[in-house]
Amino acid sequence: MEDISILVGGKAGDGIRIAAIIVARLFSRYGYRVFVYDDYPSLIRGGHNFSLIRVSRQKVQANNVGVDLIVALDKQTIEKHASELNDGGVILFDSSKGEVETEGVGVPFKEIVKEMEGMSIMRNSAALGAIAKVAEIDWKIVEEVFYKFLPKKTDLNLKIARKAYDMASAGNLKVENLNQEMMPIISGNEAIGLGAVKAGMAVYYAYPMTPSTGILHFLAANRDRFNILVVHPENEIAVILMALGSAYSGAKTMVGTAGGGFALMVEGLSLSAQSEIPITIVVGQRAAPSTGVPTYSLQSDLHFVLNAGHGEFPRFLVAPGDAEEAYYYTGVAMNVAWSCQVPSIVLSDKNLSEGNYSFDSSMYTVEEAQPILWDGKGDYLRYKDSENGVSPLAFPGNKSATVKVTSYEHDQYGITTEESEKVAFMQQKRLQKTEAVKKEIEDIEAVKAYGKDSDTVIFTWGSTKGACVEAADALGLKVLQPIIMEPFPDLSSYIKDAGRIVTVETNATGQLARLLENNGIRVDHKVLKYNARPFFTDELIERLRKEVL
Amino acid sequence: MEDISILVGGKAGDGIRIAAIIVARLFSRYGYRVFVYDDYPSLIRGGHNFSLIRVSRQKVQANNVGVDLIVALDKQTIEKHASELNDGGVILFDSSKGEVETEGVGVPFKEIVKEMEGMSIMRNSAALGAIAKVAEIDWKIVEEVFYKFLPKKTDLNLKIARKAYDMASAGNLKVENLNQEMMPIISGNEAIGLGAVKAGMAVYYAYPMTPSTGILHFLAANRDRFNILVVHPENEIAVILMALGSAYSGAKTMVGTAGGGFALMVEGLSLSAQSEIPITIVVGQRAAPSTGVPTYSLQSDLHFVLNAGHGEFPRFLVAPGDAEEAYYYTGVAMNVAWSCQVPSIVLSDKNLSEGNYSFDSSMYTVEEAQPILWDGKGDYLRYKDSENGVSPLAFPGNKSATVKVTSYEHDQYGITTEESEKVAFMQQKRLQKTEAVKKEIEDIEAVKAYGKDSDTVIFTWGSTKGACVEAADALGLKVLQPIIMEPFPDLSSYIKDAGRIVTVETNATGQLARLLENNGIRVDHKVLKYNARPFFTDELIERLRKEVL
Amino acid sequence: MNKGNKELNSYAENTWCPGCGNFAILNASKKVFADKDQKNLVMVAGIGCHAKLVDYIDLNHFYSIHGRVPATATGIKLGNPELTVIGFAGDGDAYGEGLAHLMFAAKRNINITMVIHNNGVYGLTTGQFTPTSPEGFKGKSTPWGSVERPFNPLTLMLGAGATFISRSYSNRMENLEMVIDEAMKHKGFSFVEVLQPCYTFYNTYKIYNEKVYDLEEEPPKEHVIEKMTEWNYGSKGNIPIGIFYRETRPTYDESMLREMVPARRKEEIDIEDLLKENT
Amino acid sequence: MNKGNKELNSYAENTWCPGCGNFAILNASKKVFADKDQKNLVMVAGIGCHAKLVDYIDLNHFYSIHGRVPATATGIKLGNPELTVIGFAGDGDAYGEGLAHLMFAAKRNINITMVIHNNGVYGLTTGQFTPTSPEGFKGKSTPWGSVERPFNPLTLMLGAGATFISRSYSNRMENLEMVIDEAMKHKGFSFVEVLQPCYTFYNTYKIYNEKVYDLEEEPPKEHVIEKMTEWNYGSKGNIPIGIFYRETRPTYDESMLREMVPARRKEEIDIEDLLKENT
Ligand SMILES: Cc1ncc(C[n+]2csc(CCOP(=O)(O)OP(=O)(O)O)c2C)c(N)n1
Ligand SMILES: Cc1ncc(C[n+]2csc(CCOP(=O)(O)OP(=O)(O)O)c2C)c(N)n1
Ligand code: SF4
Ligand code: SF4
Ligand SMILES: [Mg+2]
Ligand SMILES: [Mg+2]
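Residue numbers (this note's numbering), protein chains in the order written: chain A, 1 to 549; chain B, 1 to 549; chain C, 1 to 279; chain D, 1 to 279.
Mixed in with the good hints, there may be bad ones.
[Said to hold, decoys possible] Below 20 Å or equal to it, Euclidean Cα-Cα: the simulated PhoX-like pairs (lysine-lysine) are:
#	chain 1	residue 1	chain 2	residue 2
1	C	276	B	140
2	D	221	A	148
3	C	227	D	221
4	D	221	B	152
5	B	399	C	227
Calculated directly from the structure, the hints in this document are not laboratory data.
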């Protein structure tokens, strides 16, 4: 078996997400690459949750609508998803009385749990056992994974799983040992956190907000290991101001939120620009406007974050598309912020942030950049004129330097000015840093190219690249994924032979298309999806065939 | 005398601004058109304030660097401005001991005030008397104006003015009776307030912030006359949320702020879009980023307000350039907000907001538009599907309608939904309103053209149009001023013969230029100024000659 | 033509966890609303599990954003003072994100009711500490145990100027109904804190069942603070519920509006006079 | 190598109105700062007339934005706990725009000092009412006379959890110096409200000169509230100044940082183990 798609569905509270990630881990042990997408409404119990697990020999970062195995913990899963079963696919379901009725492999999860005196959530362990059997996963692997990733009541969970394992029958999805290295599985949020820590982040401030909450939880859980400070303040305004305070004191600082929380940070963003205090802001996009569809995704905040803040100032913006990129470019964002004293933004989206990926740590190395520090000579001027607009840093506590930072327009020392020449000078000094940023990222890949050379070129960004890369592969197309969105890279060498330019993104107006057009690149066709679900590979192939080819 | 420029300078607390507006009123009585620009730092006493008063037979809305009359209440005024005196110009100064020493018409303002036992601020009345004499303004006119516009201690002020009048000598700036109708003099802020009231505004919420504070003061002072509610809440977040609350209840509502305060309203803006509650936001631009140079101007928030808010939604944006336009287009903004249930923004700038203009009330008529109200038939659906995306309004208190509005994605009744089809449908429904907005403004002038047909076309916006129109007149150029910035008008018919396109604006990156380019209009040259001062006509002519012609 | 208990149910699917304290608040509210002038009743909600309540009741609602219930409600009341406005907010919502609005609503004595679903946790974002979580609370953002002392919202409200201050418990239905009803009847800013166990992330039923007792009588002025602070929102003290404080003073809406109803304003203003004055 | 009173003056031109109460706060602060470890001292300011103080003193400063002084100061202290952080904020700033941050700083007992220049008016924006202006205040946004009752910031701070609460008056120099000095020495969140007449927009010298009196001794616990509420921020009562309340409890910075100094963190974190755990 080279590549399969699995759907696990049930109610919130059934432990669907946990089950899905364990399924991924089971296959991962055989050397498979995995990608997990969790689809869940904004509620804690009930409703309908499902997770899609993609399992493949190659790295894949998208799912298909069509699945090879459906695991149904409730009836809704069948109602909603049975039609998505591929030919030759299997349905595995809880055949306990009153639960699911359908064709396929029935195992009485609920009854098994009852028999073993487990808690009702342990139905998911039964499902795991059954899945393992269907895929002919070695029982020893199941034990290993349970001991490692289900530390609570492991034995009971295993007993339940074993019973289901024994009751299920093997399917036609037999796992193979791929003899390739196993990879860790982490979420986009975890990758962001790791990238920040590697780039020297000392403090993380955040107010919980989907889809970025995972960064807060991950960093809080690991604060001692990373030797960092993690703070959850009263609201997002406090978050950004505290962060700027800590950065002023010399601590590298990051914050994380979603669109609505970022809206509250915009005044602070502008302060960061005027005071030239470095800050990195992670914005996880979700379906908006306003509260919108909070646990679902849209890529609809690009122009908002590009233009947020009163006044004119340089900023650095990256939009990674998978866990490795999230790791690496978060590091880049922190480094650019500190090297150039500009705000940097990591624009993620729910599918990336909460998606779980096989993570290839060999792809990128994140190293902490050292900011330009004051040499201690002469009088310290916080906003000293310099060739590229970047003034050397000193921090309070330095006995030879008085460090004055401010939200007002100011002279080089940091004292308020309203004089016309000084105002113009400082506007210019700050804007000059755009060149410093460009210099800083000279050697960093701003755009990624995939696929074959083709007349039709597909532009995509963020997590949507996963489906695009696969679809393009299938259709023989070229894909370009800008990752650095500001300063926007020069794309001329990438598209000089392009006949037709097509954009693929999950929003209703074509935000990347607009950005391309603003940068002088004609877009011939936009493939958009805005029902707050990601593009699926098979669906995208279909749409490209219909609309583009 | 057809056209003169006057500068009145002194310290904060010397009553410079009052004096300047009184000067304007004196000339206005003879039928002159006036324009007053106040240049003052962010402090209450001391420092250096000056006002420029332009007096002309024609309507003028800009000042010159070169002035014909300098009125100096302190030494700094001479130090900073003596070089700006035109040939044949006059300096009028306080010749009291220890005050100003220079050449020109010296009148001992301070000593006169002392002699009459006035308060020290009444030096400005002495200055006014002297100015009147220099311009040979009839004493009766001085009396009339003082009685009308200096209601406190008028007699004492007049006594002081008279003494100075008698001591000064007539200059070569003799006022004439122009035999044209007198016009009222009002500020841009007052014009905005009036436009809103005429369009049916019932509630105004604002937290004080330069340069929009004047709207709050004006409306508060007139709340009984206008029969409106004026509220100053705890902060800008409360402002926008209260405003949305009142609008939901059925009251037409406006709020006013500057860039920093608007930043705090961005989350509310997005809520307005999702809930489809009409709102009008006045944003007065000032020199940023952050606190910046708070009493000075830059036109640097255009792209911020165009793109503010998470998620995608239509908005309506106008950027008026003088008092009449401020009056009219604020009315348009309120009407569009209520007709199309979209947020509308009036983008002003400090020079417009706080500038004082001869106001020609015959130019425009503001009439309140009636929103589409529910017809009471069937069940009420707040978000009912309709051809143009606009759903009929009902308000709470209606016994046949339950009115449910929400920040979440929702069904037509207003109940939360996360279903993919409904999500896509509602995104579409809201975006459709862009067409409704376009329809609504079909007959409204979106772009103004001035000057002669010429190969070189100058684009400008906001208050900068004043200097542009004059400069273009002098140089025989054509000027285009987009006022409706979103939906951006089709300009092709305006520029089909344009050889060169030049933009003139007061910011460092060329925000209008970028907007034009984003709309497919090539900009050949940008004339920028970003020292936080407005363009002056003579200066602009010079720069256009050097850089463009 | 009032809707009864059943008609008050909207068609929205209820998605609270079984055992959640919010059910009781929903039921109590419906009971109380059954007798009110429903067309003039507006419910306002923040964002959090609590907020779903307004989707479930088939009356006018403004489902606002996180932390902004008091500001939204104030705006509604000022737009049309004939409306009866009741806000439902979470503890993260009202005491965290938007504390200032709550304080100012109390200060102004705007005639609205605020019901705070205090479960000591952020439910909807799956379990972080809130401003009223006890010291040592191990949430997902403070796995080491929160180092902050909880606020006492009752004394904060007293200090801010609320004219009706009460606390109830979702597991004391009668008291809950009584308190919400009295709060709505009170002319001025009414504060109702409801202890509402979050079954999933912070199950406090056992503690509350043990410690909660009914005040029965409103305490005399000199004992108000004592009663309010009897429980420290941690492990100290028993937990009185009921009405702690009532006072009458002019409401903000009356003072500001003086009979005006902005929502019904239909006036053509003549600005000619004003322009003449400026000529 | 401390700067003395004179060296503490920066070259910035002072632009306060003659007669402004801010001069006294400036002078008292400089006096107190003369003896402190100046390299580790950071001043934080909001936006308003008060805030110019930090431009005038030649020490480290973070001139922040309107209403955000406590949050900014908290961040600085958490970034480097060895710094002594003192915030200067206006009444519009700290009690209006940013009230919540002040309440949370008190709740957390973060070891910083907050000096509030309470002039009962927005000075820099030329005279609007603030949360502590008396009822009936005729500012430019309330020409009809404000209908709001003022907050009592002292009791609000007590309720929020401040461990040092004081009030002074800019026209009582000795008391002012004493209070600021004690506040800075106090370990924990120190609140100093300074009555600071705004000569131009709200000249309260006469009233304060008559009504202000020195507490001399810190009141015993049971009289704290009585003393705090003796003056109602309106026309009722005399005005005690001095230290009203002190208490010791663990500070937020200590509890959260446990010896860590984020500003000096230089650590290469190896993530290999963590990745292995996730494999
Ligand atoms: C500005 C903003 N920040 C964060 C969020 C994410 N968020 C949604 S609900 C919630 C917490 C809810 O806690 P609480 O108010 O106590 O309500 P509960 O779920 O416990 O009823 C948060 C932080 C948001 N919606 N908006
Ligand atoms: C977000 C924001 N809103 C409004 C302003 C405008 N503003 C500047 S100072 C000020 C009021 C200052 O009052 P206060 O804090 O009492 O200080 P004071 O001038 O009296 O010392 C305001 C509203 C601002 N700078 N930022
Ligand atoms: S998470 Fe808690 S508050 Fe939310 S519905 Fe479940 S039990 Fe109720
Ligand atoms: S306006 Fe008031 S607070 Fe501001 S400097 Fe003048 S007197 Fe002082
Ligand atoms: Mg809660
Ligand atoms: Mg003040």
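Against the structure, the hints:
1. C/276 / B/140: Since the Cα atoms of residue 276 of chain C and residue 140 of chain B sit roughly 19 Å apart, the hinted pair holds (cutoff 20 Å).
2. D/221 / A/148: violated (55 Å)
3. C/227 / D/221: Holds, because 17 Å separates the two Cα atoms, which is no more than 20 Å.
4. D/221 / B/152: violated (52 Å)
5. B/399 / C/227: Roughly 42 Å between the alpha carbons, so the hint for residue 399 of chain B and residue 227 of chain C is violated.
When each numbered hint is compared with the structure, violations occur for hints 2, 4, 5.
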